[in-house]
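J.: Listed below are the residues making up each chain.
There are 6 protein chains.
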Amino acid sequence: MKVVTFGEIMLRLAPEGYTRFLQTDKYLATYGGGEANVAVSLANFGEEVSYVTKLPDNEIGQGAINSLRALGVDTTKIVRGGDRVGIYFLEKGASQRPSKVIYDRAGSAIAKATVNDFDWEEIFKGVDWFHFTGITPALSPEMVEVTLTACKKAKEMGVTISCDLNYRKKLWTKQEAQLAMTPIVKYVDVLIANEEDANDVFGITAGNDVTKGEVEKDAYKKVATELMAKFNNLKYVAITLRGSISANDNRWSAMLTNGKDFWFAKEYLIHIVDRVGGGDSFGAGLIYGLNHYEPARALEFAVAASCLKHTIEGDYNYSTVQEVLKLADGDGSGRVVR
Amino acid sequence: MKVVTFGEIMLRLAPEGYTRFLQTDKYLATYGGGEANVAVSLANFGEEVSYVTKLPDNEIGQGAINSLRALGVDTTKIVRGGDRVGIYFLEKGASQRPSKVIYDRAGSAIAKATVNDFDWEEIFKGVDWFHFTGITPALSPEMVEVTLTACKKAKEMGVTISCDLNYRKKLWTKQEAQLAMTPIVKYVDVLIANEEDANDVFGITAGNDVTKGEVEKDAYKKVATELMAKFNNLKYVAITLRGSISANDNRWSAMLTNGKDFWFAKEYLIHIVDRVGGGDSFGAGLIYGLNHYEPARALEFAVAASCLKHTIEGDYNYSTVQEVLKLADGDGSGRVVR
Amino acid sequence: MKVVTFGEIMLRLAPEGYTRFLQTDKYLATYGGGEANVAVSLANFGEEVSYVTKLPDNEIGQGAINSLRALGVDTTKIVRGGDRVGIYFLEKGASQRPSKVIYDRAGSAIAKATVNDFDWEEIFKGVDWFHFTGITPALSPEMVEVTLTACKKAKEMGVTISCDLNYRKKLWTKQEAQLAMTPIVKYVDVLIANEEDANDVFGITAGNDVTKGEVEKDAYKKVATELMAKFNNLKYVAITLRGSISANDNRWSAMLTNGKDFWFAKEYLIHIVDRVGGGDSFGAGLIYGLNHYEPARALEFAVAASCLKHTIEGDYNYSTVQEVLKLADGDGSGRVVR
Amino acid sequence: MKVVTFGEIMLRLAPEGYTRFLQTDKYLATYGGGEANVAVSLANFGEEVSYVTKLPDNEIGQGAINSLRALGVDTTKIVRGGDRVGIYFLEKGASQRPSKVIYDRAGSAIAKATVNDFDWEEIFKGVDWFHFTGITPALSPEMVEVTLTACKKAKEMGVTISCDLNYRKKLWTKQEAQLAMTPIVKYVDVLIANEEDANDVFGITAGNDVTKGEVEKDAYKKVATELMAKFNNLKYVAITLRGSISANDNRWSAMLTNGKDFWFAKEYLIHIVDRVGGGDSFGAGLIYGLNHYEPARALEFAVAASCLKHTIEGDYNYSTVQEVLKLADGDGSGRVVR
Amino acid sequence: MKVVTFGEIMLRLAPEGYTRFLQTDKYLATYGGGEANVAVSLANFGEEVSYVTKLPDNEIGQGAINSLRALGVDTTKIVRGGDRVGIYFLEKGASQRPSKVIYDRAGSAIAKATVNDFDWEEIFKGVDWFHFTGITPALSPEMVEVTLTACKKAKEMGVTISCDLNYRKKLWTKQEAQLAMTPIVKYVDVLIANEEDANDVFGITAGNDVTKGEVEKDAYKKVATELMAKFNNLKYVAITLRGSISANDNRWSAMLTNGKDFWFAKEYLIHIVDRVGGGDSFGAGLIYGLNHYEPARALEFAVAASCLKHTIEGDYNYSTVQEVLKLADGDGSGRVVR
Amino acid sequence: MKVVTFGEIMLRLAPEGYTRFLQTDKYLATYGGGEANVAVSLANFGEEVSYVTKLPDNEIGQGAINSLRALGVDTTKIVRGGDRVGIYFLEKGASQRPSKVIYDRAGSAIAKATVNDFDWEEIFKGVDWFHFTGITPALSPEMVEVTLTACKKAKEMGVTISCDLNYRKKLWTKQEAQLAMTPIVKYVDVLIANEEDANDVFGITAGNDVTKGEVEKDAYKKVATELMAKFNNLKYVAITLRGSISANDNRWSAMLTNGKDFWFAKEYLIHIVDRVGGGDSFGAGLIYGLNHYEPARALEFAVAASCLKHTIEGDYNYSTVQEVLKLADGDGSGRVVR
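In order, the protein sequence lines correspond to chains A, B, C, D, E and F. One gets my numbering by counting positions in the first sequence from 1 and adding 14 to each. One gets my numbering by counting positions in the second sequence from 1 and adding 14 to each. One gets my numbering by counting positions in the third sequence from 1 and adding 14 to each. One gets my numbering by counting positions in the fourth sequence from 1 and adding 14 to each. One gets my numbering by counting positions in the fifth sequence from 1 and adding 14 to each. One gets my numbering by counting positions in the sixth sequence from 1 and adding 14 to each.
What the hints contain is simulated information worked out from the structure, not anything from laboratory work. Hints may contain errors.
The calculated DSS-like cross-link candidates involving lysine-lysine, where the alpha carbons are at most 27 Å apart (straight line), are [stated by the list, open to error]:
| # | chain 1 | residue 1 | chain 2 | residue 2 |
| --- | --- | --- | --- | --- |
| 1 | B | Lys114 | E | Lys126 |
| 2 | D | Lys126 | A | Lys184 |
| 3 | C | Lys114 | E | Lys184 |
| 4 | A | Lys126 | D | Lys126 |
| 5 | F | Lys188 | D | Lys340 |
| 6 | A | Lys40 | B | Lys16 |
| 7 | D | Lys40 | B | Lys91 |
| 8 | B | Lys340 | A | Lys188 |
| 9 | D | Lys340 | F | Lys126 |
| 10 | D | Lys280 | F | Lys114 |
| 11 | A | Lys280 | A | Lys235 |
| 12 | A | Lys236 | A | Lys274 |
| 13 | C | Lys126 | E | Lys184 |
| 14 | F | Lys40 | E | Lys40 |
| 15 | B | Lys139 | D | Lys169 |
| 16 | D | Lys16 | D | Lys184 |
| 17 | B | Lys188 | C | Lys340 |
| 18 | B | Lys91 | D | Lys16 |
| 19 | F | Lys91 | C | Lys91 |
| 20 | C | Lys40 | F | Lys169 |
| 21 | B | Lys91 | D | Lys91 |
| 22 | D | Lys40 | F | Lys16 |
| 23 | D | Lys126 | B | Lys16 |
| 24 | B | Lys16 | D | Lys40 |
| 25 | C | Lys200 | C | Lys126 |
| 26 | D | Lys280 | D | Lys169 |
| 27 | E | Lys139 | A | Lys16 |
| 28 | C | Lys91 | F | Lys40 |
| 29 | F | Lys169 | F | Lys114 |
| 30 | B | Lys340 | A | Lys183 |
| 31 | A | Lys40 | F | Lys114 |
| 32 | D | Lys340 | F | Lys114 |
None of the values given here were measured: they were computed from a predicted structure.
Let the sequences and hints guide you as you build the complete structure.
T.: And the structure:
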């Protein structure tokens, strides 16, 4: 399978360990972004995957490219130009203290990119699957158009489209999101969301209080059903279920539906190393799963993959198919592999 | 509100992570000390706070000052002179292995300071609140006198006085502590203690076994009531309640009384990052709380503040009023703040 | 008591924290190996202990020696020569992600050592106890002979012999192990195993599923009884009981028998810092215990010692007798030692 | 003396040691900027100094403030608001490989600040000296006006004004610089420049090739004389003389003139630790010098101060008056101070 | 131009800074090896380059691949298999203390590779240039044959061949080297050597004492002339000229001849950051140069490229064509590039 | 040869690289002290050496012991007790900025030791050589007596005595030093000094200005001759000659005399990594040299040994006899040792 993902990759600057922003004089520098994370994860699963974005022609932009190339992602379709790489600062939370993100992404090369920067016909040649998230159109009005253009071309060329709704309130209002996402989601085959995204973007609510760590199956079925009713093009809707016990401990599972059947994956109690990119690793797992297994196993694969991501530093999921299957098939005991 | 705190600030040298003393060739250098920690915490809450101590005129002393100035604590009342900054070495415990402290504080500038070093009349001009701990008089016989002098002058000038009992057996015997603290506590308005301090210094015992993690309300009421009986000048007595499950996990709460009403805060189960300074952050929270809220909320504020401190590296509490209120008002789920 | 331990010491290279192999550009370098870990632990308990191995005459070999000398292990009986120090790379697991070990030990000086390298008569002069693990004979066919030679000489000179079965499937097959270990264990006085080792080497099975974290006393009694039946020279058999909840959390206990009585130690729930060397620290604790206490207390000492090891970075157990006794006698609350 | 400096303070992100951008996964985070560097240096000399800028109300902005407060700079006049702190990435050069700077400063709070953000009348109350550099007006057309407004008010209130010409081609063209700086420099009392700045901004050329490391006195006299001819308000012109042998080794000196006398400082051959902020430390030294010594000694003080800066990591000059005088008065032998 | 390089890539483990082996508990992990270094350098110059080797199917092998992919080297022709990645430990020298290398490369996947592992016909499809060093055949007798096979096929397919003589006395004797290299060099078009290699492998001596830092042109002409006389297939011979002043300071230049003309590059006095890979970066520079410039400029390019490598940590040369040309064309002043 | 050295070993805390005290939040922790440094160096030369001091019974004291044991120094004669380990903070200088030492050694276990702590008869059994420095008696009046007692007993038992004068003005006045050292030096066989020590302690002056880097042979002959005239027990006097060019670059040599012949070693121009312990490494080299070579070669050995020390981080000299001889016999070119 040949996959293209499209979006913004940022320089992630995080103090070491649990050090807070005001304590640090050192930032660990990695790269990440919703669609780049999916690309890396798929490459680590052995898929052929190409990442599309725009990056400035300096060492920070090149560093992002090198981080992707290192893991086997094709970067030859990345457009070079623009002024800066978006940055996000990440302070890791612990126990009752939440993680904190400061975005410094305004004016990034991709946010200022235009429709003419991307030749989608060329990009989608021989491609089977196209993935993006709701963050991409949120970057600028121009990017709404770019995303729509990409979707149309993908559909035209028979490429399956997946989208992770991923609402970011720092980037746009709910109204702007709804206006932009409605026509875009009409081209989507596989929609991923958590219950907050569905509410924020389309006003579809699950009706339970996630901060209490409660996960109610019926509520999630309702959200998925309404999404599929609203967008009859959707073949699958997946909803991730996070129960936040503390910044260190989360419950994690997901639901998948084809509109008829509803599959619920087993739930993991995770002692978290790094939770950023957890949703993206689910997306990558789902794309891989739907292409290699029947839906129930695809979902288990996706949840196990993202469970492992929570135990790995940085945005990227350095898990292999073997590791994911070992967990999905039952061994979460963490015994040493010698 | 204008606050003065007074005591010893030490250079804290701690191996990285869970590395033990005999494994390390690197010490992370921060500064801390009961009253300095309170000063920093209050400054982070936006209060005007001045820290009084004596520090040698070299870079180690200056480093302590810079660490305070960085966080907005007024350091202009610090006396310069003496030979050395006290040091404490801290090895962080894990699971069943306790944290370990080696004190190297003998001969510090403040321990050798004299009554003439401090002009309390000048120091307390325009000040509303004076805070110190039982460690300060424990530093030397001379410091007992300095502390008493400060209390008398504070009382005379209408400054509210708070004291955290904080018995340190490495510094003096129980007999010495009782002898020195009895006249001092007679000037105190707000007394903070845990059940061990009350026992060690005044022989008042709660009668339960803290290592078992049991927290019995009646026992604590008894301690507070006896303290208020012994010192009828006390307006408030606060008792912190720590349930030590392991070096990584503690239960944490506190009780407050005005002699008539008894308030118990909600209890937090904390996955600890750094527990040193936990008591001090409670003190700072209580001082802030009593000045901004009614007693019950003041106590909740203090416990939430110190809960957050347990998730932060170093002695200092880098929590803001907003962060404390967010936790006190209910969200301990640790979800990412974007 | 004078102890000799014999085996391979390796250079351990581990990425910092929970960083994975493919993320790291830095390895923390320590040394470790079953019998070296036992030697260090006994030295930290104050015993006179000598470590025997073969190490190349370069700085990597010297570094291994220095790490042992630093902690008071006698290294004057170590033979210098050969080409390389064996290496193992360790990736620390978290939550559902297991730790991972890559061995790069082929061709190490000790694996290529010959019978003539060691003068056991000289080595065992004045020695009371000889310890090795099943890893030592697994290194090469020649090492099977060396180990057997050592055992015979030890027996001849009245030295007590202990052996930790420690089956390593990367080094030899179960058939090879059984063939080699059977004659060797005939000289052993104290045998240590976990239920997997007994199964792998001698086909003796406990019959319960350890990944489920279940610890069934009868099953372990059965294993020990069968071992003692097979080798009537055995005075004690100890079986360690690990319940793997996740890579972060384990249950840990052990059983000891003299063939008549069966002692079970209390079980610890451990929040793990580093689990490598956990079994070795049990062995060291048992050797110490059997020489200073009656069996029940010896076992409690051994389990408490190895519980503490799980909270310490690296292979070596930096615990003292005082620390172990404090835990064995009841305080696992992790309260700060000031 | 009471000083105000005004400009942009940036987050400086530099790989460790001589690591290049494309090799690093870690950035050391400090803060710096021409006028902030001058402020810090003056504070380290014991002067009362206030730094004026605009910084966003997040932890990155607060970190900049804390770095200044730590060293005793008054930050109470800093305006909070705007979106981001400007960033510059610094790769340290070595031998023939030059240092490299990537600016990511567009859209910073100060670049987007307006005339109404600053109440200069309030800021200059009781102030003796005002310092800024040519970078400040270069940030935006609005900042040209802000700078001009500040200069007018300073002049009106009898504040001495110094300006370091500091042309930055990434921020504006030579034409823009000339247009903006000409009216501004009309208010300046003390002008600092290197021979390139004078050429870039005012087309005044020294006529020698700095890359050859040649320093010709007459050429520099000519530049200064022409500057004083063009701006007859100037009381002093100082020109720094850098001879670049390699990224590791520079010659460093300066010239000062009052239009009548020309003073040349002794030249230092510097083995560089960090050359960024070298010019700023000269400016701070000159401001201090002119207020405490006659011109010749003022110049020697300034050059010695900046020589020491080249031996210190980061933008800030952590040198004291005593250290500078010790060097200026003759001891550059680097013998250990015990 | 499409290039293939072939050889061993090793894990390089180096203590930080100038720390010695016996002082360190931390190794910086990078990858390197003569031909891999050439591949990376050419990729950084923008050439299409493929690296051929054999690497085990574990994370250490994958790490080597990722390091190459990150910099744009094609790794799809790398064979996976074998047991281990060769390691070399590097201690960086300073002043009179030399750098020290401990090789731990025996048994590496490539050393144990066989002729059947590589399909040269497939590898050389569309390739213009093939590069290897004398280290490759030195790895094992089998590798002599592999290298010879590769050369024959390359010649057959019209691929230009370059070889860096690079004698390693730890790998084979001079006699073995001469025996193996003589038939191999018969296929080479461009031969690179330093005066020691020529002597060690072919007994051709320059006759001057390099430790004295003397570089005598005539002696080097003699060496090159004799090499060309011995191998009349050679089109170019390049000889690198290193004058070792100390571990920190070297003189560096080179000579190139086509048998008729002799070109000498300008000499650089280098303050060294990391001298390992210096020769390889010359090779890469020469390959690039000979394909883009006439010989004299090609040589200047190669020497400037390798001069820059000496200022960069690790084996790899992170220099671009622009940076090399800037130095070759004259600016070695190390002034900051803003 | 069996050697005993006696003095204070301190915890050395140094910021990384060239970071200044006020910039650091991390201290690298090593151990050092004049006589401990000599002991380590001799152990690295393969001598049997025992270090005598008093150290507290905590982990800081044990850490010092472990650092010595690691390198093969016998520590069984170290007395345990007292309150603290002395500390010195070291800031590394660069170029014109000198290194800076803050001593925090008051109240150390050895400074408070008494005559009864040491059983010299036992200590000197079978010992050939006793070494100490002028720092030891400077620690306290009691230590003057302890040192004198040791010297008398050594003389009585036929042990050769060497002393490095090493005047420390922070510990005592010149008058106190002269009073104490005069009777002590009467027992010394080999006296080591630099020209400042001789002046400070005995008022014997060389008459040249070291800060100018001038080294005048006659002046040093004069100093040595006067010392030998004053103490006719002296068999050898050695004077180290340091020419301080900058904190990075020093000239280094030494002179040795038996009162009749004067030997001058070759002079090294050293690019310094760490200059602390440079004098001690000379002392160790001299002790080794005088026991294995004739005087001229002994001196060359000593100077080469200390030259190498300047290239090594920390107080300890990690040089071997082979490395020293390689340098003394001529190769200071710093070429890689593969």
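J.: Give a verdict on every hint.
T.: Consistency of the hints with the structure:
no. : hint                : verdict
1   : Lys114/B / Lys126/E : 51 Å, violated
2   : Lys126/D / Lys184/A : 20 Å, holds
3   : Lys114/C / Lys184/E : 33 Å, violated
4   : Lys126/A / Lys126/D : 19 Å, holds
5   : Lys188/F / Lys340/D : 24 Å, holds
6   : Lys40/A / Lys16/B   : 34 Å, violated
7   : Lys40/D / Lys91/B   : 39 Å, violated
8   : Lys340/B / Lys188/A : 24 Å, holds
9   : Lys340/D / Lys126/F : 36 Å, violated
10  : Lys280/D / Lys114/F : 25 Å, holds
11  : Lys280/A / Lys235/A : 16 Å, holds
12  : Lys236/A / Lys274/A : 12 Å, holds
13  : Lys126/C / Lys184/E : 19 Å, holds
14  : Lys40/F / Lys40/E   : 16 Å, holds
15  : Lys139/B / Lys169/D : 37 Å, violated
16  : Lys16/D / Lys184/D  : 33 Å, violated
17  : Lys188/B / Lys340/C : 24 Å, holds
18  : Lys91/B / Lys16/D   : 21 Å, holds
19  : Lys91/F / Lys91/C   : 22 Å, holds
20  : Lys40/C / Lys169/F  : 52 Å, violated
21  : Lys91/B / Lys91/D   : 22 Å, holds
22  : Lys40/D / Lys16/F   : 48 Å, violated
23  : Lys126/D / Lys16/B  : 35 Å, violated
24  : Lys16/B / Lys40/D   : 41 Å, violated
25  : Lys200/C / Lys126/C : 25 Å, holds
26  : Lys280/D / Lys169/D : 33 Å, violated
27  : Lys139/E / Lys16/A  : 25 Å, holds
28  : Lys91/C / Lys40/F   : 39 Å, violated
29  : Lys169/F / Lys114/F : 38 Å, violated
30  : Lys340/B / Lys183/A : 19 Å, holds
31  : Lys40/A / Lys114/F  : 25 Å, holds
32  : Lys340/D / Lys114/F : 14 Å, holds
Violation of the numbered hints given earlier is confined to hints 1, 3, 6, 7, 9, 15, 16, 20, 22, 23, 24, 26, 28 and 29; the remaining hints are satisfied by the structure.
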